[in-house]
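Terminal number for the sequence shown in this note's numbering: 629, no gaps in between.
Quick caveat, the hints were computed from the structure, so don't treat them as lab data.
Heads up, a few of these hints could be off.
As the list claims (entries may be wrong) - Here are the simulated lysine to any residue pairs, SDA-like style, with alpha carbons at most 20 Å apart: (1) Lys541 to Thr560; (2) Lys366 to Pro431; (3) Lys411 to Gln603; (4) Lys296 to Ser344; (5) Lys222 to Thr508; (6) Lys541 to Arg519; (7) Lys541 to Asn526; (8) Lys222 to Thr521; (9) Lys296 to Asn312; (10) Lys222 to Leu512; (11) Lys366 to Trp283; (12) Lys514 to Asp287; (13) Lys541 to Leu569; (14) Lys296 to Trp283; (15) Lys296 to Ala268; (16) Lys514 to Leu224; (17) Lys514 to Lys541.
Note that the structure is a prediction, hence the values are computed from the model and not measured.
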Amino acid sequence: MTLRNKTLLIISVTLVGLVMLLYFISQTILLESFATLEAEDVNQNVERATTALHDQLAVLDSIGGDWAPWDDTYTFVQGKNDEYIEENLMDSTLTNLRLNFMLFFNSAHQLVFTKAVDLQSNDAVDVSPNLLDYLAQHETILNHATPQDKLLGVMPLPEAPLLFVSRPILTSNDEGPIQGTLIIGRYLDASEIEKLAASTRLSLSIRHLDDPHLPPDFQTAQVALTPDQPIFSTPLSSTQIAGYTQIDDAFGQPALLLKVSLPRLIYQQGRTSVVYFILSVVASGLTFGLVTVLLLEKEVLLRLTHLTQNVNQITLTRNSAGRVKVVGNDELANLAQNINQMLTTVEESETALYEAQYLLEARVEERTAELSEANRLLKQEIEERQQAEDALRQSEQRFRHLVSSISDHIYVT
């Protein structure tokens, strides 16, 4: 693998590791922070919904405070004001006050008069038997020990939860003795919940705790809600989250579950922010990586490539007199200078070797010439000796011939 490829690989692996690390951090820290903010927002909206319910009870209490401590009501429950019904208890009275019913009891807890309407059709209806049964089972609702005593809250009736107020019937001066009890109420039916949702701009739903068909998310909330955790929130999907709280009845017993559904705007904004953050990191990393590669290419890799090419060219031509180009004042420049110094040393060594070889060849030639001259002289000497030997033999032959001639002459004589 080339150095350039290794550089690209290291930068790529580093960038991928950085992105993965930042993604993990954003998931575990940033999104957790957004989830915490989302849960706090859900809790605030659940509190808004419960406050709206309390405001409804406060409105009912105010209405009860207008009707119960009133001389006309005071005399009516005693049977002394027959015109009271015709003058005050018309259907329109309840519809204008948005009351489903008004119940008048005397001091003996006897029901004196009832008035009920359907707020959807504005028609008069009978009082719910479930309401009367509930009052019969909870007579304390009719008991008021002092003129200031009152009771307001929720009745978990089967047909629908009921907001009610029970006040003692007094004179217009809020004085007794107490002559009975006025109970007014408004059902938390689908229509009323829609009005409540519209006023709070929240998506609301209310369920009885003892509902046999309680949805799974309500069941989960019912288990999770405790005195230490009065509000429970949980995501329903990637786009919806819900908050739950328990609503007690007038006696402080768990009665209803209130659910507030909200779009996960905060969490989605958090995810969007994380995505943009990761994209910005990737873009920054790519830009940084590209700049780093270009700088490395210009300042290191390209110069190293040229240096390698110069060295290869010198190697191929076996020209120790060649030199590499020195650029800059850094490690690569020092390397190029060292290479040139090495080439200078090689060149000097080659020159010295050449001179030594030349001297050796000269001495060899000189010695060869000497040997050749010695050989020539030796050959000349040998030739001279041969000539001498030949001459000597010839002389010997002539001498022999002469001796022989002398002997023959002596003999003949």
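Problem set entry | Earlier hints that do not hold, by number | Hints 2, 3, 4, 9, 12, 13 and 15 contradicted; others consistent.
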